[in-house]
Every structure is written in structure tokens, then in C-alpha cells.
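Protein sequence lines, in the order shown, are assigned to chains A and B.
Going by our numbering, the residue at position 247 of the first sequence is 247; the numbering climbs one at a time, nothing skipped.
Counting from 1 along the second sequence, just add 1000 to a position and that's the residue number in our numbering.
Possibly wrong hints are sitting among the right ones.
To be verified - Here are a few chain B residues that sit away from chain A, every Cβ distance over 12 Å (derived from the structure):
hint: 1; residue: T1011
hint: 2; residue: F1025
hint: 3; residue: R1026
hint: 4; residue: E1031
hint: 5; residue: D1067
hint: 6; residue: P1073
hint: 7; residue: G1080
hint: 8; residue: F1085
hint: 9; residue: S1212
hint: 10; residue: P1235
hint: 11; residue: K1251
To be verified - If the Cβ cut is set under 8 Å, some of the chain A residues that face chain B in the computed set are:
hint: 12; residue: H198
hint: 13; residue: A199
hint: 14; residue: D203
hint: 15; residue: A209
hint: 16; residue: N213
hint: 17; residue: I290
hint: 18; residue: E292
hint: 19; residue: R294
hint: 20; residue: L330
Hints in this document: simulated from the structure, not taken from any laboratory.
For glycine and all other residues, C-beta sits at the position ideal for the given N, C-alpha and C.
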Amino acid sequence: MLKRRLNDFRWGVLPVPGRLMAVIFFVFLFVFPLISDARYPLLIVTLACIYAIFAVSWDLLSGYTGQVNFGHALFFGVGAYGSALLYKYLGLPPWATIPLGALIAALAGVVTCLPALRLRGPYLSLLTLAFPLLLSQVARAFPEVTGGYIGIRGLPALAASPIGRYYVCLIVMIVSVLIMWKLTDAGSKNVRTGLIFHAIREDEITARATGINTIRYKILAFAIGGFFGGIAGGLFGHLLRTVGLGVFAISLSFQAIIWVVFGGIVSIYGPVIGVFVLYPLVELMQGTAIGEYRNLIMAVIVILILCFMPEGIAVRIRDKIERQCPRCKLSNAAWRRECRACSASLRHVADG
Amino acid sequence: MASFFEVENLTKRFGGLVAVDNVSFRIERDEIVGLIGPNGSGKTTLVRCIIGILSPTSGTVKFKGQDITRWRPWKVVQAGLAGTFQVVKPFRRLPVIANVMVGCLCPRVTRRGEWVKSTQIKARDALEFVGIMDRALEPASNLSHGDLKRLEVARAIATEPELLILDEPFGGLNPAETELVAKSMKRLHKGGRFGRLHSEGPAMLIIEHKLSELMKIVDKVIVLNYGKIIAYGTPEEIIRDPQVIEAYTGKEVPVA
């Protein structure tokens, strides 16, 4: 077993620069507390893990399935408020409230989806924009339940120490992203959702006429997106130990879109990279002289990315360092002349 | 006995325009039926009503004894009735083979334990059957119009239909390709296995403008004009029918 894994690593990971970088990235995340265990940097990376789940769940729903959601904060907020209320009224511990909160968020996804099934394109997006605003008003209207402007405070912490909290978030992030990656993998041998999500995005009518129950799979996409968005929200609430109206903010919805577009839409790994690059960058700027202009700088970066590499920065880099074998479709390092498995020539791929 | 496929008094109105006007016909299990008619005579609308993309104003569609009128498109496909589009609508950014694999995912054809693993092989066989296997890994947007037409056919037959409705399968093909496709239609109609691809030997309804090719492969022809059936019969009868000739070439005007 171990030997097989080792072989996988040697032949499947080492020769592919993208995978190698992913491994290095996760090893780096795992040893991060050794590099710096100061509270602030650790908190930033912990939050980055949470936002990574959030961004990837947006990518699954809007990137893969094509149901562009402008109100993804809805799921974040429902997850956060859901787990907070579960604690407040039932006194459940975080490991129970977060998944239950996420299930409520998944339910919210299904409910959003029902009117959204009739709409497409920009109209769907505008509709989804309204939902977090609506719930934010609802939360404001019942201060005795939701705490109104102040929110719900004094939630139990995820773990006693900052390092413990960091690892909880990191592991949840890795597991969530892996699940979403598998669910959206069109080449998967066991899961069919990936291919179907792609098909629905590309052409819904053709998908229908090919025997795909598009309504069921769109609801499924909303539920999965909502579930993981809710996980992110629940973690966020328990990490900061308070849930306020900010979790429904429009800026949070669009932040997710910015991260995904920056990293690379329809790629799963793109949003993770997007969050881990952009979020710490913004936070680093906060204390410095240019801190006041950080939103402006962010906007300029996003515009530049959209103009010059609309596929996203992570995807662009991967395209530069990897090349698919035209025959067996294995990924190869871009500087190889022959495919590492079938030794087909890779030269002409570079030209085309 | 109820027939295999039956359309009864189907009408589709778009506002004041009656695109399909009280159309009734039948297709038996072993037939290939051609549907012809001048441009704008309602052929495509009729098909779209049958496969559930449009909802007919009135009338019924029966398939294998079930009333499938106003069924959702995927339920129609899952019942065993697949159609292709006249205006090709592939999943453009997906590889050609993935386009066909989506068809293989239809619950009708994925048996337990088979799942996604075998769909790829089956999709290959479907592409082989229509003759575009060599382009399987390219994105569908790279294909020429003729190849996209064939991709449409591959996508439809991957769902293993019992009734296959083809909307201008020869459109955009040159004479040699047309003959090839016509031959493969015949082979498909006979049924059997083509590698992993199983053919139920589907009955067919073919809409086509290239009459000479169509007449060679069909058993019966339906002629539509202004949404109404003006003639029904064997190809030999149809080409002599004065009404059909009139619809296609116009009325003879006596020269003064």
C-alpha cells in the first residue's frame, strides 16, 4: 500500500510541475505554524483556508454549472447564523453545529434554486443578489433571536489554541476542496456529476435533449455549493466567536467572485490559489502606507487579470509549465520533448 | 392495438401563427419515415413538440402506449426517443468524446455497475460509428459543420433510442459523406452491436431536404406544408403526387 503510494508519488507527481507545486503548497500550509506562530499571520492564513472553501464552492456552482450566483454570501451567512443559533438554543458543540449549519445552508441553496430554475443568465444572477439582502433584513428584524446589529456573541471556539484552530480549518479546507474537486472532475471514472455540470453550463437545452434531468442536477449544484459555503460560514463564526450581519455583505459575495476570477474560474485549484494570494496581500497592505488604497490596488489587479489573462493566473501558470500529451492526455512538464508515458512527441503541441 | 408511435391532432400556435396544424401520423416499430416539406412548413416545430422542447398547444403524442405529450425532454429521452437538432448545439468547450459521454450517462443506458467507466468506451464506439473517432479529443468547437452534424447523431444514438428523430442529418455534408451517413443509418436501423454501442434497431423519423438521398432509405414519406400534412405514402407515390409537386415548385400558371 505504502509502496504503491510512493510509486504514485514518484511517477505521478514528481514529473508534473503543477502537482509538485500543489504538494509543496500543502506541505507549506502544514508546517506554517513552525515558520510563524504569531497570532496575526496565523489568523490570516486560517481565514484564507475558510475563504478558500467559500471561493471553491462558488466555483462549483457558478463556474462549473454556470449558475452565476451574485449572492453567495447567503450560504456563508446562513451557515454562520445557523450554527450560531444551534449553539444559542440547543447548546451544541462546534463539530455538530457547523455541519448542521451547512445542511441548513444547503437547504437555503435548494430554496434559492426553486425560483432560479426558471431564470437564466443575468436574470438569475440578479435574483440571487437579492437573497442575502433579504436575509440580512430578516436578521435585523428579529434582534431578540439574531442579536440584531450586534449579532450573536460568545460562540465556543473551534480549539483552545490558535494553532489548533488553524489545523481544524486547514484540514476541513483540504477535505472540502478534495470532495468538490472530485464532484466536478469531468474525467472521473466513478462520479458523473462533473461531466453533467459541464454539460449544463455549455448548453442546457442540449443536456436536456440528451437525457439529463437538468433540474435535478441544478438543484444538486445549488445544494452542494450551499453546503460548502455554509461550512465556510460556520467555521468563520466559530473562529471569530461572533456572528454579525457582515456575513451577508454584498462585498463578501463579490469577494468570492474576485478570488475565483483571479485564480482561474472552472478549475477548483484556481480559487484556492486566488484566495491564498489575494487575501494575505490585502491584509499585509492594511498596516502600511498604501493600506488606504488597498481596494483600489485590488481593483486594478483584477482589471489587469481580466484583460490579459481571463482564464486566471493559476490556470495561466499551469498552462505555461504543463502540456498535455496529444495521444494519451497525460500531463507533462512543458520542457519535455516526449510524453513520459507513451513517448509521443510533444513538440508540435507547442506550436499549435 | 396501439401503434408504436402515434401523433394525434397535434397543433402548435405561436400567437396568431399556426406552425403545426392538426397533424396526425403513425410510425411502426420497423419503419424509417421521411418528413419533408418546403421551408417554414413546420417540420422542426413538429419535432420540437414531440421531443418536449416546445409544448404543443393541443393534441397528443403517444410512444409505446404511453402518452408522452408535454413530458420533460429528459424523460422523453429516457423513454427511448432521441432527437437531433437542425441547428447543431454541441457542448462547445468540451471534447467531442465528452459530448457523446453525456448521452451515455442517460439512466436508460447506464446499467448497474457499468457507470462512467464503460461510458468512455461506448462513446468511442458511437464516434466510430458516425466516423469522427479521429477527432474525439478535440473540443467540439474545432469541428466543421458536417462533423458537428455527425456528432449530433452520435450523441443521440448513445442514448440507445428506440425511435430516432433526425433533423436534417445530411445538412452541410458533401455527396460522399451523405452517402456514408445514409448507409450508417441503414446499418443502425438493422440493429445489433457496434462494439459497446448497442443499437435497438430504432424506428426513424428523418427530416431532410436532400430528397434524392432520403427517398433511397425511407419506407414512408410525410409531406408537410403550412403546418398541415398534404401527403403520406411510399416514396414512389409521393414523387408523383401533384400536391407535393405544387408545394415544392409552385402552381403552374397558364401562359397567356
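- Item | Hinted contact L330 of chain A with chain B - closest CB pair below 8 Å | Status violated, d = 12 Å.
- Item | Satisfaction of the D203 of chain A interface hint, Cβ to chain B closer than 8 Å | Holds: closest Cβ of chain B sits about 5 Å from D203 of chain A, inside 8 Å.
- Item | Interface hint compliance - E292 of chain A to chain B, C-beta minimum distance less than 8 Å | 41 Å, violated
- Double-check A199 of chain A for me: the hint is only fine if its C-beta lies closer than 8 Å to a C-beta in chain B. This hint holds: A199 of chain A lies near chain B, its Cβ roughly 5 Å from the closest one there, short of 8 Å.
- Against chain B, with CB atoms and a cut of 8 Å, does the hint on H198 of chain A hold up? 6 Å, holds
- Task: Please settle this one: R1026 of chain B was flagged as non-interface, so is its CB more than 12 Å from every CB on chain A?
- Result: 23 Å, holds
- Task: Over 12 Å to the closest beta carbon of chain A is the bar; see if P1235 of chain B clears it.
- Result: Label holds. Min Cβ-Cβ 29 Å, cutoff 12 Å.
- Message: At 12 Å, judged by beta carbons, does S1212 of chain B keep clear of chain A as stated?
- Response: 29 Å, holds
- Verify the interface restraint on N213 of chain A: the C-beta must sit less than 8 Å from at least one C-beta of chain B. 5 Å, holds
- Would F1025 of chain B pass as off the interface with chain A, using Cβ distances and a cut of 12 Å? About 21 Å separates F1025 of chain B from the closest Cβ of chain A, which puts it past 12 Å; holds.
- F1085 of chain B: least C-beta distance to chain A exceeds 12 Å? Since the minimum Cβ distance to chain A is about 7 Å, F1085 of chain B lies within 12 Å and the statement is violated.
- Examine each Cβ of chain A, and state whether all of them lie more than 12 Å from the Cβ of E1031 of chain B. The claim stands: E1031 of chain B keeps its Cβ more than 12 Å from every Cβ of chain A (closest is about 22 Å).
Going through the hint list in order, the structure does not satisfy hints 6, 7, 8, 17, 18, 19, 20.
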